[in-house]
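Undergrad: Next come the chains, spelled out residue by residue.
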Amino acid sequence: MHIPDGFIDGKTAVTAAAISAVGLALALRQVRKELPPRRMPLLGLAAAFLFAAQLVNFPVAGGTSGHLMGGVLVAALLGPSAAVVVLAAVLIVQCFLFADGGVLALGANLFNMGLLGTGGGYLIYRLVSGRTPSLRSRVTGIAFGGWCSVVMAAIGCAGQLAWSHTVAWSAGFPMMASVHMLIGVGEGLISALAFLAIQRTRPDLIADGQPALASRPRLELLGLGLLIALGLAVFVAPFACPWPDGLEVVAMKLGFDRPPEPVLAAPASDYHVPGIHSAVAATALAGALGTLVVFALALVLGRMLVRKVPVKLPKDSSC
Amino acid sequence: MLKDWLGHQHSRSASLVHRAPAAVKLTLALTIIMGTVVVPLSWRVWFVVAASCLVLTAMLARLSLLFLFKRLLVLSPFVLGVLLVNAFQPTFHGARGGGPGLVVRSAICLFAVVLLSNTTPFGQVLAVLRRARVPVLLVTTLALMHRYLYVLLDESERLRRARASRTFGRRRRARWQVLGTVVGQLFVRASERAERIYAAMCARGWK
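Going down the list, the protein sequences come from chains A and B. In terms of my numbering, the first sequence opens at residue 266 and continues consecutively. In terms of my numbering, the second sequence opens at residue 47 and continues consecutively.
Don't read these hints as lab results, they were simulated from the structure. Nothing here was measured: the structure is a model prediction, and the numbers come from that model. Certain hints may be false.
[Stated by the list, open to error] With a straight-line cut-off of 25 Å between C-alpha atoms, the simulated DMTMM-like cross-links for lysine to aspartate or glutamate are: (1) B/K116 / B/D200; (2) A/K298 / A/D469; (3) B/K116 / A/D469; (4) B/K116 / B/E241; (5) A/K298 / A/D365; (6) A/K298 / B/E238; (7) A/K298 / B/E241.
[Stated by the list, open to error] Interface residues of chain A toward chain B, partial, derived using beta-carbon atoms under 10 Å: (8) P269; (9) I273; (10) A278; (11) A283; (12) V287; (13) L300; (14) L310; (15) A317; (16) V321; (17) P324; (18) G335; (19) A354; (20) F361; (21) A370; (22) G437; (23) F560.
Yeah, the Cβ is synthetic: ideal placement off N, Cα and C, and Gly gets one too.
Generate the whole structure from the sequences, applying the supplied hints.
TA: In structure tokens:
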């Protein structure tokens, strides 16, 4: 999902970089304020960990494989602002040292994976796990939040590519969303399993970050939410309604073969084409259904994985 | 295999390109990338000049061109994916010049970054960032990450090998469980290392 250079144009790169710079600066300030010096080296090590973890491949349907993004897992372990800093470090190193992801596209990549993916995924994790999270609700939240983070990052990527006129929104969006809805299942599953493994061996590592999060006022969540909403508005909204390229295809079929114009929003309603509306509805329905199914799966996963722990512990201690 | 992909060709014999100050190289690379992204496709001259400049620099730095091209190929799945999606959209005429334009632009930019990373140690890039007033916390994080990156990669390879030598069978559920445990264990080891690093930093009079 790392966008290379040359795929997004100047205006997209600059806009995304500006939003990302503000987000990163806010995250850095927050981290400097609340991270004890004892845990300062942990940021760098967590970034190295995330880099190594992103190289772990997992199988996806059809013989292909995906890899971890890990934003929500790190956010659940270290807090959202630390996770944004960690992700920024990973992206910078991947970009400058391994040429994975473009230099000018760094802002766009940080926006997709850091702000949309990690920030948004963390928000969903908090919403799902509730105010006083139990272990089970946390595992559910991480699984679902991890899935959402991958899907949201993919949608952000498709939006930027469409805004740069590199890939048509009507082709890029369904493609990116559907592929990453599959990959996201692996992300959610591994994030949840990794979180449980950490909880089993070093629960103090998690407990360390959690009380601060629980007592945090809602201001930061609100800010994150606003940022995500703004991002969605900037990148996705112009394409969500008119579906210009589908219209172009239909216009060609019907014989109005005119030079394609970027915005066909106004005449769209007059064209009265039955196929388009059902296609849009079908895509939306599929997306909603997929989200519901994954949420149900996350619930089942939480129940399945966490039931074992309280049953097992008394047994072990009694032996 | 992993190491091949992640490795760099820092040649011992410091050439003119290797010795040039990092800030200059960084600025030049950024200029080339920015120009390549922004310039319209009809300005053929720019692309030819940029590409030949890069190839000349690579030859001057005595890097093997074959190695650089291999790196470019490894990094291009995203390019292929986008081309594939566009191939199914015959009616879509992007403003970015379609397939050939994308390939040329991204190849030049990738080549510039690969060249930069192979002639400039990351520590020098960090020094430039620090001088450019990038927040200290971010630079420190980057420095620590770079220092322990390969250590943790080795660690994860050891975990994988130990796991592979002990577990048999290929039950699907077990495989996911193993992946999750490996990732979790890697984090635990990373944070234990961070604790040791902090102790070492304090012992050397940090703060």
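Undergrad: Look at each hint and say if it fits the structure.
TA: Cross-check of the supplied hints:
Taking the CA atoms of B/K116 and B/D200, the gap is about 24 Å. The hint holds against a cut of 25 Å. Of the supplied pair hints, the one linking A/K298 and A/D469 holds, its CA atoms being roughly 21 Å apart against a limit of 25 Å. With a C-alpha separation of about 45 Å, the suggested pair B/K116 and A/D469 falls outside the 25 Å cut-off, and the hint is violated. Note on B/K116 and B/E241: the hinted pairing is violated, with a Cα-Cα distance of about 39 Å set against a maximum of 25 Å.
Distance check on the hinted pair: A/K298 and A/D365 sit about 32 Å apart at the alpha-carbon level, beyond 25 Å; violated. Pair hint A/K298 plus B/E238 holds up; C-alpha atoms about 23 Å apart against a cutoff of 25 Å. Our distance criterion of 25 Å between C-alpha atoms is met by A/K298 and B/E241, whose separation comes to about 20 Å. Hint on A/P269 holds. Least Cβ distance to chain B is approximately 5 Å, under the 10 Å limit.
Among the interface hints, the one on A/I273 holds; its C-beta lies about 8 Å from the nearest C-beta in chain B, closer than the 10 Å criterion. Below 10 Å, beta-carbon pairs count as interface contacts, and A/A278 has one with chain B at about 7 Å; its hint therefore holds. Evaluation of the A/A283 hint against chain B yields a violated restraint, the C-beta minimum of about 16 Å exceeding 10 Å. About 13 Å separates the beta-carbon of A/V287 from the nearest beta-carbon of chain B, more than 10 Å, and the hint is not met.
Taking 10 Å as the C-beta contact cut-off toward chain B, the hint placing A/L300 at the interface holds, the least distance being around 9 Å. Given the 10 Å rule on beta carbons, the hint for A/L310 holds: about 4 Å separates it from the nearest Cβ of chain B. With 10 Å as the threshold, the beta carbon of A/A317 comes within range of chain B, its nearest partner Cβ sitting at about 5 Å, so the hint holds. Checking A/V321 against chain B by beta carbon gives a least distance of about 6 Å; that is within 10 Å, so the hint holds.
For A/P324, the suggested interface contact is upheld, since its CB lies about 8 Å from the closest CB of chain B, less than 10 Å. Checking A/G335 against chain B: minimum C-beta separation of about 8 Å stays under 10 Å; hint holds. The closest approach between the C-beta of A/A354 and any C-beta of chain B is roughly 5 Å, which is under the 10 Å cut-off, so the hint is satisfied. Contact between A/F361 and chain B, as hinted, is supported at the beta carbon level, the nearest pair being about 6 Å apart and thus within 10 Å.
Satisfaction of the interface hint for A/A370 is found here, the shortest Cβ-Cβ separation to chain B being roughly 9 Å, below the 10 Å cut-off. The beta carbon of A/G437 comes within 6 Å of a beta carbon in chain B, closer than 10 Å, and the hint placing it at the interface holds. Contact between A/F560 and chain B, as hinted, is not supported at the beta carbon level, the nearest pair being about 19 Å apart and thus beyond 10 Å.
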